[in-house]
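Model the full structure from these sequences, guided by the hints.
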Amino acid sequence: MLLTLALLLPWFALLLLWLPPTRRLGRHAAASAALPALLLALLAPGLDATVAFGALRFGLDEIGRSFLLFSSLVWWAVGLYTPAWMAGDRKAQRFNSILTLTLAGSIGLILAADLLTFYVFFALASLAAWGLVLAGPSNDATRHAGRTYLLMMVIAELALLTGIAAAATVEGLTFQSLTPEGNGRLALTGLALGFAIKLGVLGVHFWLPPAHATAPIPASAVLSGVLIKAGLLGWLRVAPLEPGMLDAWSGPLSLLGLLAALYAALIGLLQTHPKRVLAYSTVSQVGLILLALGLTLAAEKALAAGSVAFIAGHHALAKASAFLGLGLLMTTPAPQRMGILLGLGAVCGVLIGLPWSSGAVVKGLLTETLQQQEGEPLAVWLLALSSIATTCLLLRFLLLAWRLPQAPHRAVPAMPLLAWAVLLAVTLSAPFWLAARPIAASLDQLWPAAVGMALAGLGARFGALPAPWRDGYTGHLAVALPRTLPRTLPSPSTLMRLERHLLRWRNMGRLMLLISLALAGLLLLEG
Amino acid sequence: MGFASLELTLIVLLTLPLATAALQFGSGRQPRSLALGSAVILTLASLSLLVRLPADTPWDYAIGGWQQPLGIHWRLTPVGAWMLMVTALVGLAGVVHACAHFVFRPGPEGRAGRVFMPLWLFAWAGLNAFFLSADLFNLYVALEVLTLASVALVALTGRQVNLQAAMRYLLAALFGSVVYLLGVGLLYGQYGLLDLDALAAVIEAGAPGSRAAAVALTIGLLSKAAIFPLHFWLPAAHGRAEAPVSALLSGLVVAAAFYLLLRLWTGPLAAFWKPATADLLGAIGIAAMLWGGIQALLQRRLKMLVAYSTVSQFGFLMLLFPLGSGLGRGTASHGVSLLLANHALAKAALFLAAGTLIRLSLSDRVAGLTGAKGAARWSWLAVILSGGALLGLPPSLGFQGKWALLQTAVEAGAWGWLGAILAGTLLTFAYLARLIEQALLGSEPAGGRDAHWALLAPALLLASIAMLAGLLTLPGSGGLPCC
Chain A
0 MLLTLALLLP
10 WFALLLLWLP
20 PTRRLGRHAA
30 ASAALPALLL
40 ALLAPGLDAT
50 VAFGALRFGL
60 DEIGRSFLLF
70 SSLVWWAVGL
80 YTPAWMAGDR
90 KAQRFNSILT
100 LTLAGSIGLI
110 LAADLLTFYV
120 FFALASLAAW
130 GLVLAGPSND
140 ATRHAGRTYL
150 LMMVIAELAL
160 LTGIAAAATV
170 EGLTFQSLTP
180 EGNGRLALTG
190 LALGFAIKLG
200 VLGVHFWLPP
210 AHATAPIPAS
220 AVLSGVLIKA
230 GLLGWLRVAP
240 LEPGMLDAWS
250 GPLSLLGLLA
260 ALYAALIGLL
270 QTHPKRVLAY
280 STVSQVGLIL
290 LALGLTLAAE
300 KALAAGSVAF
310 IAGHHALAKA
320 SAFLGLGLLM
330 TTPAPQRMGI
340 LLGLGAVCGV
350 LIGLPWSSGA
360 VVKGLLTETL
370 QQQEGEPLAV
380 WLLALSSIAT
390 TCLLLRFLLL
400 AWRLPQAPHR
410 AVPAMPLLAW
420 AVLLAVTLSA
430 PFWLAARPIA
440 ASLDQLWPAA
450 VGMALAGLGA
460 RFGALPAPWR
470 DGYTGHLAVA
480 LPRTLPRTLP
490 SPSTLMRLER
500 HLLRWRNMGR
510 LMLLISLALA
520 GLLLLEG
Chain B
0 MGFASLELTL
10 IVLLTLPLAT
20 AALQFGSGRQ
30 PRSLALGSAV
40 ILTLASLSLL
50 VRLPADTPWD
60 YAIGGWQQPL
70 GIHWRLTPVG
80 AWMLMVTALV
90 GLAGVVHACA
100 HFVFRPGPEG
110 RAGRVFMPLW
120 LFAWAGLNAF
130 FLSADLFNLY
140 VALEVLTLAS
150 VALVALTGRQ
160 VNLQAAMRYL
170 LAALFGSVVY
180 LLGVGLLYGQ
190 YGLLDLDALA
200 AVIEAGAPGS
210 RAAAVALTIG
220 LLSKAAIFPL
230 HFWLPAAHGR
240 AEAPVSALLS
250 GLVVAAAFYL
260 LLRLWTGPLA
270 AFWKPATADL
280 LGAIGIAAML
290 WGGIQALLQR
300 RLKMLVAYST
310 VSQFGFLMLL
320 FPLGSGLGRG
330 TASHGVSLLL
340 ANHALAKAAL
350 FLAAGTLIRL
360 SLSDRVAGLT
370 GAKGAARWSW
380 LAVILSGGAL
390 LGLPPSLGFQ
400 GKWALLQTAV
410 EAGAWGWLGA
420 ILAGTLLTFA
430 YLARLIEQAL
440 LGSEPAGGRD
450 AHWALLAPAL
460 LLASIAMLAG
470 LLTLPGSGGL
480 PCC
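Chains A and B, in that order, are what the protein sequence lines are. In this text, residue positions in the first sequence follow numbering that gives the first Met the number 0: the first is 0, and each later residue adds one. In this text, residue positions in the second sequence follow numbering that gives the first Met the number 0: the first is 0, and each later residue adds one.
Hints are computed from structural coordinates only; laboratory data are not their basis. Since we're looking at a predicted model, the values are computed, not measured. A couple of the hints might just be wrong.
Here are some chain A residues pointing at chain B (derived, C-beta under 7 Å) [unchecked claim]:
hint	residue
1	Leu133
2	Ser490
3	Ser515
If you want the footprint, here are the derived chain B segments under chain A, 3+ residues with CB under 8 Å [claimed, not checked]:
hint	segment
4	206-217
5	292-306
6	311-317
7	325-331
8	406-415
9	426-436
From the three backbone atoms N, C-alpha and C, an ideal C-beta is built for every residue, glycine too.
As C-alpha cells, then:
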C-alpha cells in the first residue's frame with residue numbers, strides 16, 4: 000500500500016501541477032511528494048513484497064531500502080526547499096514540474112524489482128534531469144552543459160539497452176547474477192559502461208562539473224546527491240553474486256577509484272566557483288565509492304554491498320547539505336551568514352572525516368579493509384593523499400563560498416532554512432542512527448586532515464591560482480570535444496550542397512539504375 | 000449475425016469516406032460537420048473491427064460474394080486491423096486539427112479548407128482499402144488512390160513552392176507505380192496469379208522472370224517509401240505542406256509503401272531473402288539513416304527537420320532485411336510492424352504539434368520557436384512525448400519494436416547491425432535534443448499565448464497513445480518483452 004503510494008504520488012502531483020485549476024494544490028503535493036517514500040524506507044513494512052503495474056515490477060529489499068532512505072531524505076528536503084527558494088522566478092512552475100518528474104523516475108528506479116523496470120525509470124530520471132540542467136540561466140554555458148550531459152547520458156542509455164537486450168537472451172530480466180560468459184559478458188560490459196557514465200567515474204566524468212555547476216541549487220543538490228547513485232544501485236543489483244567471479248577487475252577498479260579521488264580533488268582546487276568545487280568533490284568521492292566497489296569484487300569479498308550503500312548515503316546527505324547550504328549563503332544578509340557558514344563547515348567536516356562523523360566511519364572502513372588486502376601500502380598512502388587533497392578542496396570551498404558576492408538583502412526564507420537544518424542534523428548524526436559504529440578517531444586517522452588544513456592555511460595566505468587558470472580550469476575533454484567533433488565531419492555547406500545534387504532528377508535516375516543493377520546482380524548470384 | 004456485421008463494418012470502412020468525400024466535393028456545404036461525423040464513425044468502425052477480431056484470422060471476405068479470379072478479396076489480419084486503427088486515429092486527429100487550422104469561409108480564402116476535407120477522406124479510403132487488400136493489383140489501386148489524394152493535398156494552398164513540390168512528388172510516385180506495375184505484370188505473366196498467399200506458395204528463387212519482378216517491385220516501393228537515395232521528393236513535399244497534410248504523408252502514406260514492402264518480402268518474395276541481398280538492402284538503410292539524420296541536424300527550419308527525420312526513420316526500418324535473414328525473421332517483422340505503427344502515431348503528432356508551434360511563434364525556424372509558455376506548453380509536451388516514442392524510450396510502442404530488433408541482433412550475433420541500431424538512435428537523439436532545447440530556452444510566444452484546443456489536443460492525444468501504448472498488454476502485439 001505504502002509502496003504504491005510512494006510510486007504514484009509524484010505522478011499525481013505532476014498532474015495537479017499541470018492543470019490550471021489545481022496548480023496551488025499541485026505545488027503542495029510536489030513539495031511533499033517524497034514523503035511516502037521516506038515513510039516506506041523508515042517503516043519498511045513487508046520487505047520483499049512486490050507490486051506489479053502491467054509489466055513493471057516493484058519491490059523493496061535491503062539494498063533498496065538503504066538507497067531509498069537517503070534518497071527520499073534528500074528529495075524531501077529539496078522538495079521543501081525549492082518553492083520558497085524559487086519564489087518570484089518566472090520559470091518556477093516549469094522547474095517544479097521537471098523536478099517532480101525526476102523524483103518520479105528516481106523513486107521508480109530505486110523500487111524497481113527487475114531490470115526492465117529499472118531501465119524504464121533510469122531513462123526517465125536521466126532525461127528529466129536534462130531539463131534540470133537546462134533550467135539554469137538561458138545562455139551558452141547552460142546549453143553547452145546540457146548538450147554534454149545529454150550526450151553522455153544517451154551513450155549510457157544505449158550501453159544499458161544493449162546490456163539489457165543481451166541479458167534478456169541469457170536468462171530473462173530479473174536481477175539475476177549474470178555470469179561473465181558468452182552473452183552475459185556483453186550484458187555486463189554494456190551495463191557496467193552505462194552505470195559508470197551515470198556515476199561519473201573518472202574518464203567519463205567530464206559531463207559532471209558543467210552540469211552540476213550551471214544547474215540551480217536544488218537541482219545540483221539532487222543531481223550530485225541522489226541521481227548519480229542510480230548508477231551505483233544498478234551495478235549493485237546486477238553484479239555477479241558469487242564472490243570472486245570478477246576478481247581480476249578488483250585491483251584495477253580500486254586503483255582507478257583512488258586515482259579519481261586524488262586527481263579530481265586536485266583539479267577541484269583550480270576552480271573559482273564554489274559550485275564547481277563541489278562538483279569536483281563529487282567526482283572525487285565517487286572515486287572512493289569506486290574503491291569500495293573494487294573491494295566488493297575481490298576474491299574474499301572484502302567488503303559487503305551494504306557498506307558501499309553506506310558510503311553512498313553518507314555522500315548523498317553531505318553533498319546535498321553542502322549545496323543547499325551554499326544556496327542559503329548566497330541569498331542571506333550579512334548577520335546570518337556566519338551561522339550558515341558554520342553549518343557548511345560542519346558538512347565539510349563530515350566529508351573530510353573529522354571524528355564522530357560518517358566520513359570518519361567511511362575512512363576507517365576503507366583503511367581497515369585496504370590494510371587487510373595483500374601488500375597494499377601504496378593504496379593506503381594514496382587514500383591518505385586523497386584525504387589531504389579533499390581537506391584542502393573543501394576548505395577552498397568554504398573560502399570561495401564566504402567570498403561570494405552578497406545577494407540583495409532579504410530575510411532568510413523560513414522553509415528552506417528549516418529543510419536545510421533538518422538535513423544537516425541528519426547528516427551530522429548519521430553514524431549514530433545508521434547502525435554503524437561512530438568512531439572517535441585516533442591520531443592515525445586524523446593526520447591527513449591536519450596536514451590538509453595546514454596546507455590550506457598556507458595556500459590561503461600565500462598562494463593564488465597560476466595565470467592560465469585564473470578563471471578556473473576546465474577539463475580537456477569538456478572543451479576539446481565540441482571543438483574537434485565538428486571538424487571531423489564535412490562542413491555543413493558541403494553536406495547541404497551534396498543533398499541538393501542528390502535531389503536532381505538525373506542523379507536520382509543514375510542512382511536508381513545503380514541500385515537496380517546491384518539488386519539484380521545479387522539476386523542472380525544467390526538465386 | 001456476427002459475421003454479417005463484420006462485413007458491414009468492412010464495407011462502411013471503404014464506402015463511407017468515398018461517399019462523404021464525393022458529397023463534399025459536390026455540395027461544399029458544412030465541410031466540417033460532415034467530415035467530423037464521418038471521421039468519428041470510421042474510428043468507431045475500426046475500433047469495433049479490432050475488438051471483434053475473428054479468432055481464425057486471416058479472415059477472407061469476397062466482395063459481393065464473387066469469388067476469385069473475377070471478384071475482389073479482402074483479407075483481415077491482426078496486423079491489418081491494428082494498422083486500420085492507427086489510420087483511423089491519425090485520420091481523426093487530422094480532421095479535428097484541420098477544423099481549427101484552416102479557415103472555413105466561403106470564397107477563395109476558404110478554398111484550402113473546403114478542399115482539404117474531401118481529399119483527406121479520399122486518402123483515408125485508399126488507406127482502408129490498402130490494409131484490407133490481399134492481392135497485388137488491389138494493392139496497386141489502393142496505393143494509387145492514396146498517392147493522387149496526397150499529391151493534391153500537397154498542392155492544397157496553390158502556392159508556387161507547393162505546386163513544385165507536388166509535381167515532383169507526382170512524377171516520383173507515378174514512376175514508382177509504373178515500375179511496381181511492371182513487377183506485377185511480370186509475376187502475373189509467369190504464374191497467372193495475383194493473390195499474395197497464392198504467389199508465396201509457387202514462387203521459387205530460380206526463375207529469371209521472378210527475379211526481375213522482385214527487383215522491379217522492390218525498386219518501385221523503395222521510391223514510394225522515400226528510401227535514400229530515392230528520397231528526393233520527400234523533404235520539399237513534407238516540409239512545405241500544411242501541418243495536417245505533412246502529418247498524414249509522413250505518418251501513413253510513406254508507411255503504407257514500406258508496409259507493402261514488408262508484406263511482399265515476407266510473402267511472395269520470401270524465397271529471395273538471402274544474406275547478400277538482405278545486406279545490400281540493409282546497407283541502403285544505414286545510408287538512409289545516417290544521411291537523413293545528418294541532414295536533419297543541419298536543418299534550420301522545423302518542418303524540414305521533421306521531414307528529414309522521416310527519411311532517417313525509414314532507413315532504420317530497412318534494417319529489417321539483414322536482421323531477418325536468419326532465424327529471427329518473425330521477431331524482426333513483428334518489431335518492424337510495431338515500429339511502423341509507432342512512427343505513424345508519433346510522426347503525425349510531431350507534425351501537428353509543429354504546425355501549432357509555428358503558428359504560436361510566428362516563425363518556422365527552430366531557433367525562433369517559442370519556449371514552453373502558455374498554450375505552447377501542450378504542443379511542446381506533444382513534441383517531447385512523440386520524440387520519446389520515436390527514440391524508442393519505454394514504455395512506447397517504439398521501445399517494443401526496437402527491443403525486438405535488438406534481441407534479434409544479439410541472438411544472431413550481428414554486431415555490425417547492432418551498432419547500426421545504436422548509431423541511428425544516437426543520431427535521432429541529437430536532432431531531437433536540438434529541437435527540444437528550444438522548449439526550455441526559447442522566448443515568449445509572438446503569436447499569442449492562447450490557441451484553440453483543437454490545435455493542441457489531437458497532437459497530444461496521438462503522442463500519448465504512441466508513448467503509453469506499451470503499458471497495456473495489447474492482444475496480438477505481444478506486450479512488453481518479459482511477460
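Hints, one by one, checked against the model:
1. Leu133: holds, 4 Å
2. Ser490: Cβ of A:Ser490 sits 10 Å from chain B, so the hint is violated.
3. Ser515: holds, 5 Å
4. 206-217: This one holds; 5 residues, not fewer than the three required, reach chain A with a Cβ under 8 Å.
5. 292-306: holds (count 3)
6. 311-317: violated (count 0)
7. 325-331: Our answer is that it is violated, as 0 residues pass the Cβ test (under 8 Å) against chain A, missing three.
8. 406-415: With 4 residues in contact (Cβ-Cβ under 8 Å with chain A), the coverage given for the segment 406-415 of chain B holds.
9. 426-436: Contact hint for the segment 426-436 of chain B vs chain A: holds, 3 residues under 8 Å.
Hint compliance for this structure: hints 2, 6, 7 are broken, all remaining hints hold.
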